[in-house]
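> Sequence:
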Amino acid sequence: MKVLNYLPRNMHFGPARATSIDLCVHQQSVRSEHEILVVCDEIDKPFDDVALRMLFSGSRKQKLRQLQAIVAEFQPDLIVVQQHGPTAQNVAKLFRPVPVMLHRHNFEDGGKLSWFKKWRHQKRYEALQGLIFVSDTCRTSFLERYPAIKTPLYTVFNGIDCSLWHADKGKKNEILFIGRIEPQKNALPAAEAMAQFVAQRPDWSGCLVGGFSGSDEYVAKVKRAVAGSERLTLLDGLPHETIKQRLQEAKISLICSERESFCLVAIESFAAGAGVVSTANGALPETIGKAGIFLESLDVEEIAACLMKMADEHAHFAALGAQQVQKFDLQQTVHCLDDVYRKTVG
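Under the UniProt record's numbering, the first residue of the sequence shown carries the number 1, and numbering increases by one thereafter.
Honestly, the hints are just simulated from the structure, not real lab data.
One thing to keep in mind: the hints can contain errors.
Said to hold, decoys possible - Cβ pair distances, simulated, as ranges: (1) I149 x E230: 51 to 57 Å; (2) G228 x P152: 48 to 54 Å; (3) R180 x M54: 24 to 30 Å.
Source: prediction; values computed, not measured.
C-beta atoms are modelled at their ideal positions from N, C-alpha and C, and glycine is treated no differently.
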């Protein structure tokens, strides 16, 4: 079966600056039993181990014309649009009768909808042959918003190839915060708590890694919190391979997100042997299970106390994480996704 996987916008399908969505699509495409063609915007140095076509810069209409030419040549049995609902709906109209699915990696934004907007959105979703969600939490949230929707809904977890990860035997006494430097990721209380923690544990250090996507004022506050400690560092993003190596060396991974629809960082931390301290928002409890320490609040004292507990009990939680990550083994998740594709095409 031939599947066209379309990454429509705000993606970077290459090893240098791949988003979590890019990483998941890449792994799934490499392992799929189907013939996969990935289509994305033009970038330098894309992943080179999957079939790929890139769209040159231009207007939305120009890109759709380029996509039309690719579809005519590839003749897919199924088109899967990643993340962006309006694009999926446009693609479904353009390429009828080819079945089109939307793969959602987050919650639907926009607040409360009027009855008319809800009806209109639902009709657009019902033009698709199915929606895939990365967690049951995400799928349930969507169903609560559209309880009468008739389109088939599926949950397929993001996966990880555990054979490519290992926990370094000589792990460092280090905390990593991997996430954008913005309020939604609560980078500021994370930095302040890490500073408090390393002040009490002089043999520990910490590092925050993520794009500076928050306001200049917010990023400046995080920088000041980091600058106040000699054993804290702040890095403006790193290639995924470098992040992987850092996780394998670190003992603790700190997650302070407001709301996560899945959280790839959590399962990567488990695979790397890092103990996870996390908020309990969105799908984080579903992803982490009983393998981490959950924060009761984002109070700096609370975060620092949980870091202390994880530092003292790292071996115990690392063992729990090694068990939990098996739930997201890439071979299983890709098999599940391939089955959804097959079922949709019939």
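> Any of the earlier hints contradicted here, and which numbers?
none
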